Amino acid sequence: MNKTFAIIRREFTERVRTKAFLLSTFGLPVFMVILLVLPVVMMRGSDRTLHVAVVDATEGGETGVGTRIVEALERRTIKKGELPKYKVEHVIPGMRTIDAVRDSLIAQTTGEGPDRLDGVLVLPAGTLLDGSTEYFGTNVGSMEAMGELQGTISGIVTSSRLEAAGVDGSVVSRAMRQASMRTVKVSDGEVTGESGAASFLLAYVMGFLLYIAIILFGQQTMLSVIEEKNSRIMEILASSLRPFQMLMGKVLGVGAVGILQMAIWGGTIFLLGKNRGAIGSLFGLPADAMAAMPIPTIPTDLLVVFLLYFALGFLVYGALFAAVGAMVNSTQEAQQAATGVTMLIVVGFFGTFAVIKDPTSGLGAILSLIPFTAPFVMPVRWSMASVPLPQLAMSLAVMVLGLMAVVWLAAKIYRTGILMYGKKPSLGEVFRWIRA
Amino acid sequence: MSTPAVRFKGVTKRFAGHVAVKHLTMEVPAGGIFGLLGPNGAGKSTSIRMMMDIIEPDDGAITILGSEASARDLSNRVGFLPEERGLYKKMKVLDHLIFFGEVKGIARGEAKRRAGAWLERLGLGAWTDKKIEDLSKGMQQKVQFAGTLLHDPELIVLDEPFSGLDPVNSQVMKDVVIDLAKQGRTVLFSTHIMEQAERMCDHIVIIARGEKVVDGTLSEIKSEFGGRHVALGFSRDKERATRVLADRNLVAKVDDYGASADLELADGAEAEALLEALVREGVGLRRFEVVEPSLQSIFIAKVGDAGVAARSESEAA
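Residue numbers (this note's numbering), protein chains in the order written: chain A, 1 to 436; chain B, 1001 to 1317.
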């Protein structure tokens, strides 16, 4: 047993130490944080005060719509704080044409210094009538900034019209107050605080992670068997350990690396989902903006099911990949020989799409009872619908039985294959190895 | 007599199309250095791999250290250096040796201590934290050698231990092997380099085409083969010796090296008669010596024996 542990330890430490592992394991969480924060940062626009010139041709004087828009803009602050959102220059064209004034102001949007303008808002004479205004700016790409600017103007125009029609000012301001709606997802009778898109995303991401990880770690197992075969280190191992110990040590060692990586990734999503508010405030982002991000919250039970099925699934496929590695002599041969195993994985992966489409279908229940597809299908089902506990128990039991059968089979192939060199065995020969 | 370290009893191994080892029966006495000799393809490595339980014999039985258990179950008492060396290229030297120790059942701490000691002894102390792939081939071989001996085995099996080593490293390895034998351990090594075997081995088995052709201590083998060899050194008029050397009543076989020759006397012929004949012919002699046959000549005589080859081939078919 200690010998098996030595193999597990070697497989684990040698893999965990590689740059590729460190990069992928910790790179992804960093990437996820960036993915979470970046859109909010970008959508929020810039934090600085925008320098805007308002070309006012409405000729309304001190109480006209132009003046009121300027005043409304000057009242806006950044994030409801102290800093003014806009620094406004109120320009009355007077004797000059609007276009001339506008063009001279647009010329000021280049260069540096305090006089540089971010944009020019043009309020033509008919602003109150048809509501058509123009904005020429360097920041027109920011949907949020444009939306807010337009909202402010629109509100003033609307209330000015109402007041001109004789409606009381206080009534107008009460009537103009907008209704808002917060969207919250409910799962298992509990409020999760996630948006509807997030749960779909979670199912997809999980299916994908399982698919990639099992193929990747499975192939690593296979390649490391081939390496041992080619470097003939196999002879030293074979003279010290039983083939079964070697197989289990290798699969468990590589599997432990996989579990560690999945746990770090899954744990990151879990923590990000739970603490999105705190992370947002760390970057100075408003809590409501963070809540809208499609980062799913992972319930603890789902995390457990996910890791459990990844572990079982990897053991099944890892043992199969190891057996394939034992059969062949080179990586080129291996790709071809592993096609059968890869096909099983692909079937399982496509099964997840069927489940995502209809989480409560019978197909999902059947696929959960096949050891080769259950590792992919079951976690996805668990995330999308409530799976009855007896079904989970049944699926786990089948997984464990299937695992034992696969390991037994793989050990038979492994025992003979690891010391065979030369030509690739035919299927018939492999069957003889299994029977022996 | 103590239990032999290894005993082969009628061991046969067939591979597709040919018999690699045929009814091999031999005993490796406990203690001392045992040489398993033979030309390439004679079945040395196959015998060793069966001994180590890497492959199973088709027939016969192998007993290791007097136990019925397989070499794998006794692996904490057996050290094995395979013919084709293998190391994990990306692993660090010290880690690798610790791993070798661990799969032989040594606790990690102890394995680390011993690995450090071995690396110092083999002059690799400065390389402990280097990766295997950064080492020269000779150094890698020494690491592998240390890995074989790390768990202090009673029986050490080395398949072609000196192949590919430069003279300096070869000397280092030789000293370690001699040292192990002095400690009362059994060292079995295979080689096709006869000089090495002749200088080191107490007991020798030569196999050819899967069959044992010579078995015994070095002195037994030599005396059995006969002290009927003569080494000649010519100083002048070598051509005058031609007739004498061709006389089948005196000389059975000549190994002509130009300025010197090794002769095997014919049955019943005396060395004195040969000397007399050469002097009579007027051959200038620098050297005339009745010598023990070299292992090399025994090897060539035995392995070159066409009978063995023909027999094993007809039986393999």
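If you're looking for bench data, these hints aren't it; they were derived computationally from the structure.
Computed from a predicted structure; not experimentally measured.
Some clues are possibly wrong.
Stated by the list, open to error - Here are the simulated DSS-like cross-link-like pairs (lysine-lysine), alpha carbons at most 25 angstroms apart as the crow flies: (1) B/K1092 / A/K87; (2) B/K1174 / B/K1253; (3) B/K1253 / A/K19; (4) A/K412 / A/K3; (5) B/K1130 / B/K1182; (6) B/K1302 / A/K19; (7) A/K3 / B/K1131; (8) B/K1253 / A/K3; (9) B/K1137 / B/K1182; (10) B/K1302 / A/K3; (11) B/K1089 / A/K87.
Stated by the list, open to error - Label pairs and their calculated CB-CB ranges: (12) B/D1134 / A/Q336: 48 to 58 angstroms; (13) B/D1134 / A/F26: 49 to 59 angstroms; (14) A/S330 / B/F1288: 38 to 48 angstroms; (15) B/D1059 / A/L419: 18 to 28 angstroms; (16) B/G1105 / A/I366: 41 to 51 angstroms.
Positions of the beta carbon are idealized from the N, C-alpha and C atoms, including for glycine.
Which of the listed hints are not met by the structure? Hint check: 1, 2, 3, 5, 6, 8, 9, 10, 11, 12, 13, 14 fail, others pass.
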